[in-house]
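Peer 1: Sequence:
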Amino acid sequence: MNETTNGMKQFFGVAATMQTYLNTIYLLLSFPLGTAYFVFLVTGLLLGLSLSIVWIGVPILLLMLASWWGLVAFERQLAIRLLHVDIPPMSRETVSERSAWARLKAHLSNPVTWKGLAYLFARFPLGILSFVVTIPLIVLTGALLFAPLTYTYPECQIYIFSWQIDTLNEAVICSILGLFVGLISMHVMNCLAFVSGRFAILMLGTTRDRRLITDKGQ
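The numbering of the sequence shown is this note's numbering, which starts it at 1 and goes up by one.
For each label pair, taking beta carbons as the anchor points, the in silico distance ranges come out as: (1) 105 / 132: 38 to 46 Å; (2) 177 / 153: 16 to 24 Å; (3) 161 / 70: 44 to 52 Å.
Calculated directly from the structure, the hints in this document are not laboratory data. Quick reminder that beta carbons are idealized off the backbone N, C-alpha and C, glycines included.
Please build the complete structure, drawing on both the sequences and the hints.
Peer 2: Here it is, written out as structure tokens:
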């Protein structure tokens, strides 16, 4: 009995949890951010590589290195604040007092630099996935919930397979159905956000082994 009660609380309680809405915001941001990252990185890196023959590309590549490090830091904070995941620091090494060359070598030897770049590129397909999952669920839920207010408008007619919603009673049934669809949608989006959070932890922070090596070297 207690297990059934707890299960019901977990199912219906998702709508009263602030984390659900933070997760939804994170997923909605994934597509525009992922698209922007992809366009920026592809353009900048290709430009830098193509011009590196005449050395003009070298400063462009260095600028891109600094830029994607900043974007990785932004993504890390976004995941921490919206998904409330605990992500290790991007680096445990102190480089502020080193020379520019030493700082550059430290960045290039830091796995997070390259994992972060891969993460930024991965945000594009993951953003598409988030968009494809999140937007239809939100639209479907909204259409069903507000059916009693919109069923009389020809441009807002709802069809469930071959069943056309054209009476108030049917619209009310749709609205009740929309409540359950909305709750299920929230659980689906929470699962997607959970996977996104695990991926961010894996890609945006130093590993435990590297932190131990760094601490021993200091």
